[in-house]
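Sequence positions in the sequence shown follow this note's numbering and run 6 to 105.
Hints are computed from structural coordinates only; laboratory data are not their basis.
Wrong hints could be hidden among the right ones.
In the DSSO-like style, the derived pairs of lysine-lysine whose C-alpha atoms are separated by at most 30 Å in a straight line are [unchecked claim]:
hint, residue 1, residue 2
1, K29, K52
2, K54, K24
3, K24, K43
4, K29, K12
5, K12, K78
6, K12, K24
7, K52, K20
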Amino acid sequence: MCIIINKPTIGRLPKFIIKNSIEKNPHGMGYIDLDTGKVYRTSDQNKMKSLLRQKSPFIAHCRYATVGGICHKNIHPFRFESDGVGGWFFQNGTVGGFSD
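Given only the sequences and the hints, what does the whole structure look like? Please build it.
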């Protein structure tokens with residue numbers, strides 16, 4: 006199963022969390038820098054490690070593909086907007102009933 010990491014404070018994750026998160030969930034990572042609001046999606050494990058080593062607050066999702074192919078378009082977070090409200094959607098597990 007995937008892992009979502011919410012790191013709301015400044016500091017570094019322990020190395021074992023970074024290592025285990027990527028090794029057990031190697032099918033891409035989505036990342037939101039909570040200071041800048043920038044969103045990254047990558048399948049490059051070196052880039053994944055680099056992002057998870059950041060001191061700044063972030064939310065990250067390391068993916069283990071159980072549903073859907075191993076491809077860039079399936080890396081979370083997914084952007085959503087509805088009735089003038091928007092945000093970024095991370096999930097663990099399968100969510101149905103959504104489309105483009």
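Checking against the hints above, which ones are violated?
none
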